[in-house]
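K.L.:
Just so you know, the protein sequences line up as chains C and X, in that order. Numbering follows our numbering, with no gaps: position 7 of the first sequence is 7. Numbering follows our numbering, with no gaps: position 201 of the second sequence is 201.
These are calculated hints, taken from the structure and not from any lab test. One or more of the hints may lead you astray.
[To be verified] Straight-line alpha carbon distances no greater than 35 Å define the calculated DSBU-like cross-link-like pairs of lysine-lysine that follow:
#1 X:153 with C:299
#2 X:41 with C:41
#3 X:285 with C:299
#4 C:52 with C:198
#5 X:41 with C:153
#6 X:52 with C:299
For clarity, every value in this text was computed on a predicted model and none was experimentally measured.
There are 2 protein chains.
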Amino acid sequence: MNDGVIINEVGLRDGLQNQPRLINTEQKLQLADKLIAAGIKHIEATSFVNPKAVPQMADAGAVVAGLPHSAELNYSVLVPNMKGYQRAVASGMKNIGLVIAVSDTFNQKNIRMTLDTAREMCFEVINQAKQDGNTIRVYLSTACFCPYEGEIKVDRVHQLASQMINHGATEISIADTTGSGVPNQIDAICRPLVEQFKDVIFNLHVHDTAGQATAMVWAGYLAGIRSFDASIGGLGGCPFSPGASGNVATEDLVYLFEKSNINTGISLAGLSSAVRYAEEITGQKLGGKAMHWYWSQQKRLNLVK
Amino acid sequence: MNDGVIINEVGLRDGLQNQPRLINTEQKLQLADKLIAAGIKHIEATSFVNPKAVPQMADAGAVVAGLPHSAELNYSVLVPNMKGYQRAVASGMKNIGLVIAVSDTFNQKNIRMTLDTAREMCFEVINQAKQDGNTIRVYLSTACFCPYEGEIKVDRVHQLASQMINHGATEISIADTTGSGVPNQIDAICRPLVEQFKDVIFNLHVHDTAGQATAMVWAGYLAGIRSFDASIGGLGGCPFSPGASGNVATEDLVYLFEKSNINTGISLAGLSSAVRYAEEITGQKLGGKAMHWYWSQQKRLNLVK
Numbered sequence: 001m002n003d004g005v006i007i008n009e010v011g012l013r014d015g016l017q018n019q020p021r022l023i024n025t026e027q028k029l030q031l032a033d034k035l036i037a038a039g040i041k042h043i044e045a046t047s048f049v050n051p052k053a054v055p056q057m058a059d060a061g062a063v064v065a066g067l068p069h070s071a072e073l074n075y076s077v078l079v080p081n082m083k084g085y086q087r088a089v090a091s092g093m094k095n096i097g098l099v100i101a102v103s104d105t106f107n108q109k110n111i112r113m114t115l116d117t118a119r120e121m122c123f124e125v126i127n128q129a130k131q132d133g134n135t136i137r138v139y140l141s142t143a144c145f146c147p148y149e150g151e152i153k154v155d156r157v158h159q160l161a162s163q164m165i166n167h168g169a170t171e172i173s174i175a176d177t178t179g180s181g182v183p184n185q186i187d188a189i190c191r192p193l194v195e196q197f198k199d200v201i202f203n204l205h206v207h208d209t210a211g212q213a214t215a216m217v218w219a220g221y222l223a224g225i226r227s228f229d230a231s232i233g234g235l236g237g238c239p240f241s242p243g244a245s246g247n248v249a250t251e252d253l254v255y256l257f258e259k260s261n262i263n264t265g266i267s268l269a270g271l272s273s274a275v276r277y278a279e280e281i282t283g284q285k286l287g288g289k290a291m292h293w294y295w296s297q298q299k300r301l302n303l304v305k
Numbered sequence: 001m002n003d004g005v006i007i008n009e010v011g012l013r014d015g016l017q018n019q020p021r022l023i024n025t026e027q028k029l030q031l032a033d034k035l036i037a038a039g040i041k042h043i044e045a046t047s048f049v050n051p052k053a054v055p056q057m058a059d060a061g062a063v064v065a066g067l068p069h070s071a072e073l074n075y076s077v078l079v080p081n082m083k084g085y086q087r088a089v090a091s092g093m094k095n096i097g098l099v100i101a102v103s104d105t106f107n108q109k110n111i112r113m114t115l116d117t118a119r120e121m122c123f124e125v126i127n128q129a130k131q132d133g134n135t136i137r138v139y140l141s142t143a144c145f146c147p148y149e150g151e152i153k154v155d156r157v158h159q160l161a162s163q164m165i166n167h168g169a170t171e172i173s174i175a176d177t178t179g180s181g182v183p184n185q186i187d188a189i190c191r192p193l194v195e196q197f198k199d200v201i202f203n204l205h206v207h208d209t210a211g212q213a214t215a216m217v218w219a220g221y222l223a224g225i226r227s228f229d230a231s232i233g234g235l236g237g238c239p240f241s242p243g244a245s246g247n248v249a250t251e252d253l254v255y256l257f258e259k260s261n262i263n264t265g266i267s268l269a270g271l272s273s274a275v276r277y278a279e280e281i282t283g284q285k286l287g288g289k290a291m292h293w294y295w296s297q298q299k300r301l302n303l304v305k
């Protein structure tokens with residue numbers, strides 16, 4: 001852990017998975033190139049899910065095969081179960097993400113498993129990953145709020161996190177899936193975990209549904225979190241459902257940290273090209289507020305010239 | 001100062017001043033009623049500026065005359081100079097706001113005074129207010145960034161704040177006029193002031209231009225700020241200029257604080273009616289993200305019934 005923070009770009013996975021327009025492999029790889037050119041070094045590249053359930057991720061193997069490699073680039077992929085894990089590993093991936101909801105009902109509705117079954121599935125995959133020498137990030141989804149159960153008690157998040165860590169998870173992502181959390185809640189969830197488990201990487205995954213995303217990220221940073229998921233242009237959510245908003249925009253976090261003299265290694269100018277390209281391939285208007293602010297300032301500077 | 005925070009509603013002033021559609025006095029007073037019904041107790045009601053410069057505020061006296069009164073309601077108004085102060089006081093107002101930019105160039109462009117002249121004007125009004133037994137809040141605008149000078153050094157904000165306080169200002173508002181600040185900057189500005197001047201009320205006035213508004217408010221809260229400006233529905237800025245965004249939405253701050261168990265006395269349900277009414281009279285789509293989240297949840301609950 002250095003003085004800066006890790007921005008883990010999830011636009012290629014969480015950002016694209018519900019897009020109505022099919023994005024082809026070549027476009028995904030071009031987007032990855034633009035993200036890397038902007039300075040992004042951590043990318044969640046795809047998800048090895050059932051292609052029938054998520055057609056947008058049907059080319060997971062091809063995406064992984066086409067990614068550029070260098071010593072400083074870190075890729076991860078998401079898998080829903082052991083079958084997905086095996087496909088991911090067969091493709092050559094070594095950093096694997098798993099998802100389990102803190103809410104029992106959400107697991108049942110979303111992945112058709114009880115919390116107990118989902119936990120056993122996670123343990124099984126973690127065991128295999130340990131044998132294979134791979135890393136496992138476990139996403140604890142609905143960490144703040146569940147659409148079916150309402151507010152989630154902090155103790156339940158801590159308990160599930162401890163179970164996953166004690167079983168061998170190398171990284172835990174606190175995921176405010178609905179984007180309805182607030183900074184105090186993030187502090188209450190993250191601070192004790194960061195203090196208790198010094199060897200574990202904690203990540204924060206937030207959506208901007210209720211306008212609290214950058215506030216939650218700042219609260220997470222103050223609580224000791226140094227890794228944050230974000231999606232280029234705020235891509236994600238369900239474009240047809242105004243309630244389900246995208247991940248916090250990568251550029252909003254880069255703006256927050258870079259202007260606070262906390263290094264991300266990422267440039268807003270580079271992200272600008274990536275956002276423009278994401279707009280082109282998705283046919284959507286994109287861009288976090290920091291991107292629009294950047295664009296308005298560039299326009300002003302050009303007018304002054 | 002209690003355990004909660006003050007949300008100072010500025011929608012009737014900062015929110016309406018640049019609206020293209022003229023809002024009449026009756027509509028302003030109805031909006032005030034709805035805000036009060038939602039639990040808002042601090043309202044910046046209008047501005048005693050030159051009606052030729054800001055036609056939307058030409059009815060300042062009539063607005064003040066029409067406001068409802070009770071022991072718990074606190075009104076303030078903005079004035080640009082001694083003439084405005086005298087008009088405000090003649091209307092019966094006792095809590096007066098003044099604006100001075102930290103940036104010399106911004107003062108010259110915006111109010112056609114040098115920083116020195118603006119400072120003298122503030123001193124003169126403060127002197128008069130002390131004689132009259134009125135309170136003076138001084139807004140330090142462009143506290144983070146000036147469109148002409150760029151980043152503003154923290155020392156300059158501290159110096160101007162000290163000068164105003166030493167001269168008798170009872171309250172200081174740190175105003176990120178462009179909305180381009182970040183939480184670290186707010187912390188650096190606010191924390192030393194709150195620690196040094198225990199008897200002064202500090203307020204934070206932010207815009208959400210770069211997606212940092214709730215993060216800045218949270219940073220301000222952690223630095224000891226307990227008073228925050230906000231505008232119903234995010235009303236404000238210039239509707240024709242995407243770069244100039246409105247104040248942070250009242251509902252986003254109410255959501256932030258109430259869900260963090262920090263009392264505001266304001267209800268989201270009540271704000272919902274106020275936002276709908278503000279949409280009706282301005283002809284604009286409004287609502288902070290927390291309002292849209294609230295609406296989506298209400299819709300879901302109604303569907304479930």
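K.L.:
Does each hint hold? Answer for all of them.
P.N.:
Now for the hints, and whether the structure bears them out:
1. X:153 with C:299: The hint holds at about 24 Å.
2. X:41 with C:41: violated, 48 Å
3. X:285 with C:299: Within the cut-off at roughly 26 Å; holds.
4. C:52 with C:198: Violated, because 40 Å separates the two Cα atoms, which is more than 35 Å.
5. X:41 with C:153: holds, 32 Å
6. X:52 with C:299: holds, 30 Å
Of the numbered hints given earlier, the model fails hints 2 and 4; all others are met.
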